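The listed protein sequences derive, respectively, from chains A, B, C, D and E.
Counting in our numbering, the first sequence tops out at residue 156, every number present.
Counting in our numbering, the second sequence tops out at residue 156, every number present.
Counting in our numbering, the third sequence tops out at residue 156, every number present.
Counting in our numbering, the fourth sequence tops out at residue 156, every number present.
Counting in our numbering, the fifth sequence tops out at residue 156, every number present.
Because the hints were derived from the structure by calculation, they are not lab data.
One or more hints might be untrue.
Any copy will do: because identical chains look the same in the list, a pair fits if it lies in one copy or spans two.
[What the hints assert, rightly or not] Mimicking DMTMM-like on lysine to aspartate or glutamate, the simulated pairs with C-alpha atoms at most 25 Å apart in a straight line are:
#1 K156 with E55
#2 K27 with D59
#3 K4 with E56
#4 K156 with E113
#5 K110 with D23
As the structure is a prediction and not an experimental result, all values here were calculated from the model.
Spelled out, the chains give:
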Amino acid sequence: MAKIGVCDTTFARYDMAADAIDELKKNAGGVKIVRYTVPGLKDLPVAAKKLIEEEECDLVMAFGMPGADEKDQVCANQASTGLINAQLATNTHVIEVFVHEDEADSDAKLAELMEKRAREHALNVVDLLVNPRNLTRLAGSGQRQGGPDAKPLKK
Amino acid sequence: MAKIGVCDTTFARYDMAADAIDELKKNAGGVKIVRYTVPGLKDLPVAAKKLIEEEECDLVMAFGMPGADEKDQVCANQASTGLINAQLATNTHVIEVFVHEDEADSDAKLAELMEKRAREHALNVVDLLVNPRNLTRLAGSGQRQGGPDAKPLKK
Amino acid sequence: MAKIGVCDTTFARYDMAADAIDELKKNAGGVKIVRYTVPGLKDLPVAAKKLIEEEECDLVMAFGMPGADEKDQVCANQASTGLINAQLATNTHVIEVFVHEDEADSDAKLAELMEKRAREHALNVVDLLVNPRNLTRLAGSGQRQGGPDAKPLKK
Amino acid sequence: MAKIGVCDTTFARYDMAADAIDELKKNAGGVKIVRYTVPGLKDLPVAAKKLIEEEECDLVMAFGMPGADEKDQVCANQASTGLINAQLATNTHVIEVFVHEDEADSDAKLAELMEKRAREHALNVVDLLVNPRNLTRLAGSGQRQGGPDAKPLKK
Amino acid sequence: MAKIGVCDTTFARYDMAADAIDELKKNAGGVKIVRYTVPGLKDLPVAAKKLIEEEECDLVMAFGMPGADEKDQVCANQASTGLINAQLATNTHVIEVFVHEDEADSDAKLAELMEKRAREHALNVVDLLVNPRNLTRLAGSGQRQGGPDAKPLKK
Numbered sequence: 002m003a004k005i006g007v008c009d010t011t012f013a014r015y016d017m018a019a020d021a022i023d024e025l026k027k028n029a030g031g032v033k034i035v036r037y038t039v040p041g042l043k044d045l046p047v048a049a050k051k052l053i054e055e056e057e058c059d060l061v062m063a064f065g066m067p068g069a070d071e072k073d074q075v076c077a078n079q080a081s082t083g084l085i086n087a088q089l090a091t092n093t094h095v096i097e098v099f100v101h102e103d104e105a106d107s108d109a110k111l112a113e114l115m116e117k118r119a120r121e122h123a124l125n126v127v128d129l130l131v132n133p134r135n136l137t138r139l140a141g142s143g144q145r146q147g148g149p150d151a152k153p154l155k156k
Numbered sequence: 002m003a004k005i006g007v008c009d010t011t012f013a014r015y016d017m018a019a020d021a022i023d024e025l026k027k028n029a030g031g032v033k034i035v036r037y038t039v040p041g042l043k044d045l046p047v048a049a050k051k052l053i054e055e056e057e058c059d060l061v062m063a064f065g066m067p068g069a070d071e072k073d074q075v076c077a078n079q080a081s082t083g084l085i086n087a088q089l090a091t092n093t094h095v096i097e098v099f100v101h102e103d104e105a106d107s108d109a110k111l112a113e114l115m116e117k118r119a120r121e122h123a124l125n126v127v128d129l130l131v132n133p134r135n136l137t138r139l140a141g142s143g144q145r146q147g148g149p150d151a152k153p154l155k156k
Numbered sequence: 002m003a004k005i006g007v008c009d010t011t012f013a014r015y016d017m018a019a020d021a022i023d024e025l026k027k028n029a030g031g032v033k034i035v036r037y038t039v040p041g042l043k044d045l046p047v048a049a050k051k052l053i054e055e056e057e058c059d060l061v062m063a064f065g066m067p068g069a070d071e072k073d074q075v076c077a078n079q080a081s082t083g084l085i086n087a088q089l090a091t092n093t094h095v096i097e098v099f100v101h102e103d104e105a106d107s108d109a110k111l112a113e114l115m116e117k118r119a120r121e122h123a124l125n126v127v128d129l130l131v132n133p134r135n136l137t138r139l140a141g142s143g144q145r146q147g148g149p150d151a152k153p154l155k156k
Numbered sequence: 002m003a004k005i006g007v008c009d010t011t012f013a014r015y016d017m018a019a020d021a022i023d024e025l026k027k028n029a030g031g032v033k034i035v036r037y038t039v040p041g042l043k044d045l046p047v048a049a050k051k052l053i054e055e056e057e058c059d060l061v062m063a064f065g066m067p068g069a070d071e072k073d074q075v076c077a078n079q080a081s082t083g084l085i086n087a088q089l090a091t092n093t094h095v096i097e098v099f100v101h102e103d104e105a106d107s108d109a110k111l112a113e114l115m116e117k118r119a120r121e122h123a124l125n126v127v128d129l130l131v132n133p134r135n136l137t138r139l140a141g142s143g144q145r146q147g148g149p150d151a152k153p154l155k156k
Numbered sequence: 002m003a004k005i006g007v008c009d010t011t012f013a014r015y016d017m018a019a020d021a022i023d024e025l026k027k028n029a030g031g032v033k034i035v036r037y038t039v040p041g042l043k044d045l046p047v048a049a050k051k052l053i054e055e056e057e058c059d060l061v062m063a064f065g066m067p068g069a070d071e072k073d074q075v076c077a078n079q080a081s082t083g084l085i086n087a088q089l090a091t092n093t094h095v096i097e098v099f100v101h102e103d104e105a106d107s108d109a110k111l112a113e114l115m116e117k118r119a120r121e122h123a124l125n126v127v128d129l130l131v132n133p134r135n136l137t138r139l140a141g142s143g144q145r146q147g148g149p150d151a152k153p154l155k156k
């Protein structure tokens, strides 16, 4: 029975974690969830590492919503770099699920994108933990979480 | 009884740490504070790590005020990255409370923003240490420290 | 008998790993391959480290296809930095084979470039593992994987 | 009796270390200095770490003078990041004293700035080692090393 | 008898390592050289670390030639950052000798610059290992490897 950590922020304007948890429960029978909410993006790396090392999670999902300003982009870069370092320190996946505030042009579309990305990444998590061959079958196929997939290239 | 480290700089033009300490004392009975002031932003990461490892703080708040020039932005990025690395090395939160000099258009508004952000982040610290469920209740709700909160997205 | 890890993504639009594996098998008799597919670029560093430390690979190839947007460049930078850190943590080479979506002006040319780069880097891998002197013979000679080589400088 | 490491470069166009050493000797009776000169900025991080771990310095000052080109800014960023990492690895302060070549518009003014910044940071070092409360008294007061201080904000 | 690691790339268009090795042999009697060639800049950090930890080199020189495109600058930044991290992990100098393809306006001048920089850095290496006081005598004197030195500032 896998234990999945879910960390997210009070800064974000949509609760992606709730959607992901719903999707995880539907698709991974008996999965155990540990949720940890922090103020902002920069607090996510240590939250993820604590979930792995103190709560013994097998994998962590990290949800965030960077703002549209230049300063927000810098902050997102720091958080992503920290999340990668947390993974390297623990040999454990932390699946980053970030939606940038400028990825859609209305609040409704942004919320829809956030739900879809959260749910599709939850399915990636299930594959990573339970059926990694599913991912290899899709290698190089242009998968996009939350939007239409890209077209595979043909020679 | 929690022990909270507070590190800040002589470079900043406002004493945010004093406000945060006041707020912590009001909201976390018996909290113990260890204060450590360094010259500038780049000195904060090791100060935070020393507070955690040598003073045995349970959590650290790091206050800084990056200037408005491009060089100051680069410096803030180095400091923030270092603060995240200090957290990853210790599995301990360091709550970064930075106010950029260009976030308000008058000295009075800037000082007001700095006090508010310091106090609101002090409350986040209390929640992280004592009542983490408060933060999860606010997950994805658009909290902003020091300014008006953002609106949660509706589908 | 060398064991080579191959990690790649479902995000990419072409399966470079298949070409590289084909080339490795043709050129390194008895080589053992362990393949590991993850969702995106940011998941590659920990995948590479796990292949080295958990699967005991002697070397890893990491395949990715960053998109053409500014955000994709930032993401590629994070992934590359993480791949270098994974190498430093393990004293093991991870050969990064990235093709940026804007490196060719048609899908057909892009696919061709991706195949060529994957195959030529597979040959580099064989040299690194079996015959490192081949690489020293080519030191400073302007080798380019997937495109025409550059001209060596003459005084 | 404190032992202070001083590392600097042959690249810089002014010998800040000499000024700082003079100031340290005047203000910290019996201080012991270990000096280590390297070619350029990128060599400073390991020099600082060696001074701490091999020479057992209690604190290090790192002097550098980044050029004015974009490439020099990138190099300064790498060096600063490395200096922060050296501090985190050793729980020891490394006070970075960099003056960018474009901070003054004449050679004479630049030299004057470099001397002042070096001397004022030497005083910070004495406070950090001997009298840290002096720094806390100046918290949030807009100190600038080498130039006129900034004004503290009033509400 | 010092052991010096030399790592370089097949990507570069000039063999700087050969010049540096020649200069080292002329100026450091009995020096032992271990050479290691990798495909590109991003492969240098782990190569340097392996030379230090597996080949027991006392110091490493890392030669590279970043291209002139924006993507090449990003790649050079990753490599330089990795080289600094390799040094911090080993307390050993890795002297980076990079020449950017846009540093000269003809192939002949570029090759000349590359040879000069390689040779002058080889002399720095000898000083670092054998006579570090030579470097301190040149502290703050505006040394430039491969080009005319800068003028020391006068007050």
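* To do: Report the numbers of all earlier hints that the structure fails to satisfy, in ascending order.
  => Violated hint: only 1; rest satisfied.
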